[in-house]
Amino acid sequence: MTKLISFGSYTFADSGARWRDNFAQVAAHEIALPGLNGALDADGSGVGVNVAGRIDVALWLKQADVTAMNAARDALKGLLRAGAQRLTIESAPDQQRYTRARVLTIDMPEVYAQRTDTHQETALTFAAVTPRWFSVTPPVGSGTAYACSGAQTDFTRTANGSAFAYPTITVTATSGVTTLTIQRLDGALVADQITYAGAIPDGATLIIDPCTWGVTLNGADAYGSAFSALHPAWFRLPPGAHTIRVALNTGATADIALRWDDTWY
Amino acid sequence: MYLYADLYNADGITRVGRGPVALARAEITRGLDTIGRITLTAAGTDVRALELLTNERRARIFAVDHTGSVRALGGGVIRNVRAQGSAAAWWRIAEGADELDALMRVNTLLGRTYSQQTPSYIASSLTALVSGWSASGSGGTITDARFDGMSVWRALISLADAQGLHIRAGSTPNTAEIGAFGALAGVRLVGASALHDQTALNSATALIERIEIEQSSAAAATRLYPVGAGIGEALLTLENSTRTAPYAIQSVTGANGVPQYYLQDAAGVSTFGVIERFGKFKQIAPLSNSPADLEHATNALYDVAAAWLTRYAVRQDTIRVSVRGVTTAIRPGDKVHVLYRGVVEQDGAIVDYLDIDADLWVMRVTERVDATGVATDLTLSSVDRHPEDASPLQIGGLEAITIDGLSVTSYFNRVAYVYDRLIDPSHPALIPVRLTNATQKLSRCTLKIKTRPFTATATAATGGGLVGLGTNTAGAHRHSVGADGSGASGAYYWRDITIYDAVRAANAHVLLPSDSETGDLDLQTGAAGDHAHVFSVPDHTHALTYGLQQDSVTPINVRLFVDGVDITTGVGGAWAGSGGATTFEVDITTAVLAGGALQSEHEVKLTCSGGRGSVEVSVEIYEVIAAIAL
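Protein sequence lines, in the order shown, are assigned to chains B and C. To convert, note that position 106 of the first sequence is 106 in this note's numbering; the numbers rise steadily by one, no gaps. In short: position in the second sequence from 1, add 265, done, that's this note's numbering.
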């Protein structure tokens with residue numbers, strides 16, 4: 001059974017009672033039209049859009065006396081003060097995942113007959129605006145730079161999980177780069193492609209982050225006309241092994257790293 | 266479905282920021298012959314939205330649909346930024362005009378003229394004034410055009426109005442199109458029914474969520490009296506137009522006795538009767554005052570008037586619909602096919618409460634996009650005019666720019682001057698009537714002529730004769746008398762003669778022997794003593810005696826020539842057949858216009874076959890003038 005491990009710096013005792021998330025729930029966009037049976041599906045035949053994430057957890061606080069129980073209750077309620085933090089779960093031994101969430105509710109009903117001064121049942125609800133679980137341990141190859149040069153360099157990256165991962169791409173020029181194209185191939189087809197047609201000086205670092213829709217060059221905004229992407233999500237890694245193809249201008253060299261976390265619904 | 270916007274600097278070219286701004290909602294309105302609007306709504310706490318959604322930034326809005334394909338919804342310039350908060354959320358809302366607004370910010374300046382060019386050429390030239398912009402199109406006829414101090418957008422609208430064409434944004438950024446449009450967009454708007462299987466819907470079909478139809482003849486007109494630039498007498502009319510289709514040019518005599526030209530739609534008259542409208546299309550004026558440019562201007566006036574009448578001589582059916590499922594861009598100026606049959610069964614009978622099956626003009630498109638999808642509101646029309654148009658003055662929102670002294674507007678003008686000339690049978694009186702290229706039209710030219718005798722201003726110089734006249738030999742001298750040495754051989758007789766005695770200052774009788782006894786004696790000096798006496802009168806002046814002195818003779822049988830053509834008989838001459846002071850007035854307008862070269866120096870010549878005298882000629886010119894070479 002999935003266990004709740006930690007929220008920020010707070011570590012939960014291994015006393016879980018119930019756990020549930022809604023990360024596998026999408027919103028129905030149905031529009032009633034006059035004269036039409038049922039409704040019009042605004043999402044057509046495509047992938048539905050997730051609703052805002054919710055994680056419901058029930059657990060027990062166990063303490064020796066009421067003083068300790070009060071301290072435990074206060075510590076738990078203090079999580080509200082923490083804002084959005086990394087929430088870590090363990091779906092199986094040594095398989096931890098995290099999401100970014102905030103505490104929405106903490107429910108601790110005190111019932112005299114149940115001796116809640118030593119055994120307090122507690123229900124927590126977390127809100128996760130990105131309803132995905134991510135691997136705590138970086139996948140193999142994630143963040144590892146690959147030396148690329150010239151017109152074509154291919155290498156492979158494998159993503160696990162059940163949902164798309166959106167890798168942050170770091171390009172460190174080891175000589176002056178004037179054109180850069182990074183593709184993810186699906187067989188012979190180009191599934192995703194990003195292009196940067198601007199100058200990346202020797203030693204400069206270009207970071208392309210599909211998660212935040214951000215492009216920087218040496219830390220400065222670089223979402224100019226030099227940047228373009230084939231897909232609106234810029235660059236995706238669905239579960240599986242992928243050939244990454246890099247094309248640079250003739251004679252140019254760069255180290256390119258894709259950093260991602262495996263992603264699950 | 267999600268939305269984002271790329272933001273650009275004011276140049277519209279340099280994309281700015283770290284990345285696009287995610288939007289919660291967007292609304293884009295595009296119209297035919299109008300500048301549309303955009304509204305972007307982003308989370309009010311989105312740092313990037315706070316940084317990038319600022320005034321005068323250019324935004325391009327994109328929607329990503331369920332298939333992952335990106336559709337450019339439109340773009341524009343942010344003019345207003347609002348922050349809006351409630352207990353539920355905090356929003357940052359940016360509003361502004363669509364990208365056509367860039368054409369409003371560049372001016373044609375004064376005196377931008379085009380002579381006999383196609384509308385698409387003129388539109389391209391105008392649009393090229395805006396950096397990074399271009400235009401394309403077709404339709405219309407070769408025309409003249411002049412733009413003074415108006416925005417490029419207004420100039421394009423003015424051009425399109427004059428040709429019965431339309432303007433809209435192009436399908437790519439920073440482009441505009443001019444044309445008649447009206448092509449089918451390939452989208453069918455259908456009313457949903459239980460029979461529909463939505464899985465069969467495709468990108469060419471959209472479902473109607475709400476529909477409203479209005480049939481209006483409030484703005485209809487079937488007879489149009491168009492006038493162009495100018496004031497009063499100087500108004501440009503259809504008088505010189507050579508156009509004949511689609512409407513014949515007709516005229517009626519107005520209350521002022523002046524012909525007033527109009528176009529009339531026969532079909533409209535049969536439906537609505539005669540509904541008169543006077544339309545002033547003040548943007549239409551001749552490029553110059555040459556006859557050719559005047560004709561071009563009147564033809565342009567005809568074109569715009571005919572285009573207007575074609576649109577307004579019919580009932581306008583306006584349909585406003587909200588549809589779902591639009592996945593392709595519907596552009597203003599396109600036509601969409603609307604198929605809507607509202608049917609109910611009532612008391613066993615089928616009742617059609619609405620039955621539409623028609624291709625309709627798209628006049629305005631509003632796309633509202635949020636997380637739930639795209640809702641599209643369309644204003645459709647049976648004719649290509651906006652339903653709110655009810656006056657010719659509103660056609661295309663004509664810009665009222667008239668700059669005194671520099672205007673293309675024509676004005677009525679009167680000029681008069683007087684000549685005084687001498688005339689006799691050998692010397693005609695010549696009067697120049699000069700019309701320059703400032704004269705657009707000669708309305709009337711009259712002469713008032715008076716004949717009379719010569720009038721002198723002095724009688725004669727004062728005389729006085731010669732005083733002290735003498736020889737030019739100085740000192741006393743003698744003259745010999747009878748210095749002949751030969752004597753007579755016959756008898757001598759004493760003769761009594763009278764001579765003057767200067768001592769006594771009286772005649773004296775003296776006896777003188779003579780060889781002749783009878784006859785008078787007239788003593789003279791001998792021939793040998795002949796000599797000349799030389800006199801000289803030195804340079805001198807005579808004082809004049811002033812005073813008007815009038816001759817008694819006047820010109821006889823006066824005739825009139827204009828540009829070498831004797832028009833005497835045609836205007837009521839000849840005059841003063843028996844002489845005498847005469848006054849007469851003639852209208853030489855026709856004669857001046859007859860030569861065809863209006864803008865030149867015309868010669869008026871008066872002749873007489875007898876007598877002599879002077880003629881006073883008062884020239885009075887009524888003309889239409891317009892500024893030249895601005």
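No wet-lab data here; the hints were simulated from the structure. Idealized CB from N, CA, C, for every residue including glycine. Hints may contain errors.
[Stated by the list, open to error] Computed Cβ-Cβ distance ranges for the label pairs, DEER-style:
{"#": "1", "chain 1": "C", "residue 1": "279", "chain 2": "B", "residue 2": "201", "range": "50 to 60 Å"}
{"#": "2", "chain 1": "C", "residue 1": "279", "chain 2": "B", "residue 2": "162", "range": "18 to 28 Å"}
{"#": "3", "chain 1": "C", "residue 1": "449", "chain 2": "B", "residue 2": "162", "range": "37 to 47 Å"}
{"#": "4", "chain 1": "C", "residue 1": "448", "chain 2": "B", "residue 2": "2", "range": "50 to 60 Å"}
{"#": "5", "chain 1": "B", "residue 1": "37", "chain 2": "C", "residue 2": "386", "range": "33 to 43 Å"}
{"#": "6", "chain 1": "B", "residue 1": "20", "chain 2": "C", "residue 2": "344", "range": "39 to 49 Å"}
Here is how each hint holds up against the structure:
1. C:279 - B:201: 50 to 60 Å: violated (20 Å)
2. C:279 - B:162: 18 to 28 Å: violated (40 Å)
3. C:449 - B:162: 37 to 47 Å: holds (45 Å)
4. C:448 - B:2: 50 to 60 Å: holds (59 Å)
5. B:37 - C:386: 33 to 43 Å: Once the Cβ atoms are compared, 54 Å apart, the range 33 to 43 Å for residue 386 of chain C and residue 37 of chain B is violated.
6. B:20 - C:344: 39 to 49 Å: holds (48 Å)
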